[in-house]
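Asks: Protein chains in written order, with this note's numbering: chain L, 1 to 145; chain E, 1 to 145; chain H, 1 to 145; chain Z, 1 to 145.
One thing to keep in mind: the hints can contain errors.
Which copy is meant is left open, so a pair is good if it fits within one copy or across any two.
To be verified - Only pairs whose alpha carbons sit at most 20 Å apart, straight line, appear in this in silico EDC-like list of lysine to aspartate or glutamate:
id: 1; residue 1: K125; residue 2: D41
id: 2; residue 1: K104; residue 2: E124
id: 3; residue 1: K104; residue 2: E115
id: 4; residue 1: K125; residue 2: E113
id: 5; residue 1: K125; residue 2: E115
id: 6; residue 1: K125; residue 2: E94
id: 7; residue 1: K125; residue 2: E37
id: 8; residue 1: K104; residue 2: E33
It is worth saying that the hints were derived from the structure and are not from the lab.
From a predicted model like this one, the values you see are computed outputs, not experimental measurements.
Read off the chains here:
4 protein chains.
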Amino acid sequence: MAGGFAERVRTSFEAQAAMRHIGAVLTGVAAGEVTIELPFDDALTQQHGFLHAGMLATALDSACGYAALTLMPEDTGILTIEFKINLLAPGRGERFRMIGRVRKPGRTITLVEGEALAVDGGREKLIATMTATTMTVTARAGVKD
Amino acid sequence: MAGGFAERVRTSFEAQAAMRHIGAVLTGVAAGEVTIELPFDDALTQQHGFLHAGMLATALDSACGYAALTLMPEDTGILTIEFKINLLAPGRGERFRMIGRVRKPGRTITLVEGEALAVDGGREKLIATMTATTMTVTARAGVKD
Amino acid sequence: MAGGFAERVRTSFEAQAAMRHIGAVLTGVAAGEVTIELPFDDALTQQHGFLHAGMLATALDSACGYAALTLMPEDTGILTIEFKINLLAPGRGERFRMIGRVRKPGRTITLVEGEALAVDGGREKLIATMTATTMTVTARAGVKD
Amino acid sequence: MAGGFAERVRTSFEAQAAMRHIGAVLTGVAAGEVTIELPFDDALTQQHGFLHAGMLATALDSACGYAALTLMPEDTGILTIEFKINLLAPGRGERFRMIGRVRKPGRTITLVEGEALAVDGGREKLIATMTATTMTVTARAGVKD
Numbered sequence: 001m002a003g004g005f006a007e008r009v010r011t012s013f014e015a016q017a018a019m020r021h022i023g024a025v026l027t028g029v030a031a032g033e034v035t036i037e038l039p040f041d042d043a044l045t046q047q048h049g050f051l052h053a054g055m056l057a058t059a060l061d062s063a064c065g066y067a068a069l070t071l072m073p074e075d076t077g078i079l080t081i082e083f084k085i086n087l088l089a090p091g092r093g094e095r096f097r098m099i100g101r102v103r104k105p106g107r108t109i110t111l112v113e114g115e116a117l118a119v120d121g122g123r124e125k126l127i128a129t130m131t132a133t134t135m136t137v138t139a140r141a142g143v144k145d
Numbered sequence: 001m002a003g004g005f006a007e008r009v010r011t012s013f014e015a016q017a018a019m020r021h022i023g024a025v026l027t028g029v030a031a032g033e034v035t036i037e038l039p040f041d042d043a044l045t046q047q048h049g050f051l052h053a054g055m056l057a058t059a060l061d062s063a064c065g066y067a068a069l070t071l072m073p074e075d076t077g078i079l080t081i082e083f084k085i086n087l088l089a090p091g092r093g094e095r096f097r098m099i100g101r102v103r104k105p106g107r108t109i110t111l112v113e114g115e116a117l118a119v120d121g122g123r124e125k126l127i128a129t130m131t132a133t134t135m136t137v138t139a140r141a142g143v144k145d
Numbered sequence: 001m002a003g004g005f006a007e008r009v010r011t012s013f014e015a016q017a018a019m020r021h022i023g024a025v026l027t028g029v030a031a032g033e034v035t036i037e038l039p040f041d042d043a044l045t046q047q048h049g050f051l052h053a054g055m056l057a058t059a060l061d062s063a064c065g066y067a068a069l070t071l072m073p074e075d076t077g078i079l080t081i082e083f084k085i086n087l088l089a090p091g092r093g094e095r096f097r098m099i100g101r102v103r104k105p106g107r108t109i110t111l112v113e114g115e116a117l118a119v120d121g122g123r124e125k126l127i128a129t130m131t132a133t134t135m136t137v138t139a140r141a142g143v144k145d
Numbered sequence: 001m002a003g004g005f006a007e008r009v010r011t012s013f014e015a016q017a018a019m020r021h022i023g024a025v026l027t028g029v030a031a032g033e034v035t036i037e038l039p040f041d042d043a044l045t046q047q048h049g050f051l052h053a054g055m056l057a058t059a060l061d062s063a064c065g066y067a068a069l070t071l072m073p074e075d076t077g078i079l080t081i082e083f084k085i086n087l088l089a090p091g092r093g094e095r096f097r098m099i100g101r102v103r104k105p106g107r108t109i110t111l112v113e114g115e116a117l118a119v120d121g122g123r124e125k126l127i128a129t130m131t132a133t134t135m136t137v138t139a140r141a142g143v144k145d
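Only chain L is shown next, with the shape it has when bound in the complex (with noise of 0.2 Å):
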C-alpha cells in the first residue's frame, strides 16, 4: 500500500512537539526520501542573526530518521544512534529545505544522507550535510535501553 508509510510518517512528524515550537514543516515522503522546510524565524537565531546550526540538525535528524522509518515494516520504529553535520555556509535565506535519503537500507541498521538547502529568492544553496545511522527497533518503538 503507496500510502501506508506517508500515514506513519505524518502521523508522527505531527506528534513531534519539537517541529511545531520551531515552525517546521513536512513537504515530502516518498520510499526512502523525507523533505522537511523551516521558514526563517528571528527566533532560530545564533548571535549574528543567522539560523542556529542545531536547528538545522534538528530538522534534518527529523528528515533522516523519517526517509528510514519510510522503507521499514510496519510493527517497527527507528531510532537515531549517530549523526554527523559537516556545517558548509551561514544559515542565511528566506527557507531552509533539509532533504534526508536513504544511502543503504538493512534490517538492523540504516545508513542516511542529508542534504540542507537555503532557499533565498529563487536561489538555492546546499549549506549543510549530513549522515545518519539509524536502527531499527520493535515494540517500544523509539526507545533504547
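Using the hints, position chains E, H and Z against chain L.
Replies: Coordinates of chains E, H and Z only, in the frame set by chain L:
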C-alpha cells in the same frame, strides 16, 4: 584578565535567540569548558515525549563552540565546521546538562568534546556525546564564505 | 592546464609508501574526483578473512585528500582534519574501488565524500562511505603544527 | 573468569593479518580497554614521511573494536558500524600508542572512544581521537549482511 572570555561568552549567548527559544541557560564558563542547561519542556519533544535529539544537539553545539571561544584571542570568533553526536539513551529527565570541553586547542582548528547528561531527581545519566571541530575566524567573526 | 593537478596527485601518490605497502593503485584523477583501487590481499585482512576496515579507510582517505588537492592552487597542500566512515558490508571481493569526490570546495575548508565499492566478478557493491574535511595549507604543505 | 576476554582478544588479534602487515602489537587488554602499539615504519608513511592517517585509523579501529569485545558475552562478536577520527597533529614519532576505551556499553550498540599518542623519546603527544559505534552480533560473528 580572567573575566574577559566569560563576558564574551555571556554576551554572545544572550544574543543567540535560539537559546532563549528552547529555554537554555548558560550555567558555567571556565577556560576551555562551558556548561549549558536545558529544562525539560513538552514543546521540545519528539513523538515519544522525550527531548528531541536535535534540541540536545543545539544546546551541545553552543556549549562546544563557546568552550572553544574561551581560549581564543579577543578579536576572533569561532565557526563550527562539523560535529558528530552519538545518542546513547532517550532524552528523559527533569533537565539536561550540556558540557563542552576543549580537547585540543589550535590556532586555526580546535577539537571540542561535549557530553549531555539527563538529570532526574538526584541522578545523572550520560545520554549523548559530541565531537566538534571549530575554526577560528577573524574580523567578520562567525561568517563563513 | 589540464595535466597540472593530475601530475601533482600522481607525484604525491607515488611518494606515499603506505599506498605501495598495501598495494593500492591510482586509477583515476579528474578535477574534484580521484579513484584508487586496492586488490584483495590476504595480508590486509581482519580475523574473518575480509579486508580490514582500516585498509579501506586508508585508501579512501588518500582518495578523498587527493580529490581535494585537484582543486587547490599549485603552491598549496591538503591536510585531512577529520573523516567519518560508515561500514556497510564486509570487505569481500576481488578488488576494491575507492572514489573521493569533492562535495563543497572552499578556500580553506573543503568537504569531500568517498565511497568504497567491492568488485567481484562483474558485480560492484557499496561497502563503505566516507565524509572528510580537508584544510588547505601553504608552504610546508601537509604539516600541521 | 578474568582471563576469558583477554584470551579471546589475543586470539582474534593474532588472526588479523592486517595487524601483522603493519607491525602492530597488542600491548594491553583490560575490561573495556585495549591498547595496541605501532612502531614507526617508513613503509607506512604518507608523502611527507609521517605515518599515514589510515594506518593510525587501522590500529585505532582494532583497539576500539577489541575494547568493546572485552565486555561482550562469549558467543558474540563485534562489528564496527562507523567511526570518526579527528587528526590533530602529524604522525611523527618512534612509535604510536592506540588506546580504545568503551564509553557506553550496550547490549546491541556500544560507543567506544579511542586516542592515538605519538611516543618520541620519553614524550607522548595526542595526535588523533576516534569515536566508534560497534554492534554486537551472534553466531557468524563479524559478518554483516
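Asks: All hints are to be evaluated individually against the structure, with a verdict given for each.
Replies: Going through the hints against the structure:
1. K125 <-> D41: Within. Shortest intra-copy distance 18 Å satisfies the 20 Å Cα cut-off; inter-copy 33 Å does not.
2. K104 <-> E124: Classified as between: cross-chain Cα gap 14 Å, same-chain 26 Å, threshold 20 Å.
3. K104 <-> E115: Both. Shortest intra-copy (16 Å) and inter-copy (12 Å) distances satisfy the 20 Å Cα cut-off.
4. K125 <-> E113: both (17 Å within a copy, 18 Å between copies)
5. K125 <-> E115: Within one copy, since 10 Å is at most 20 Å while 24 Å is not.
6. K125 <-> E94: within (12 Å within a copy, 39 Å between copies)
7. K125 <-> E37: within (14 Å within a copy, 33 Å between copies)
8. K104 <-> E33: So K104 and E33 pass the 20 Å test inside one copy only (12 Å; across, 22 Å).
Taken one by one, the earlier hints all hold for this structure without exception.
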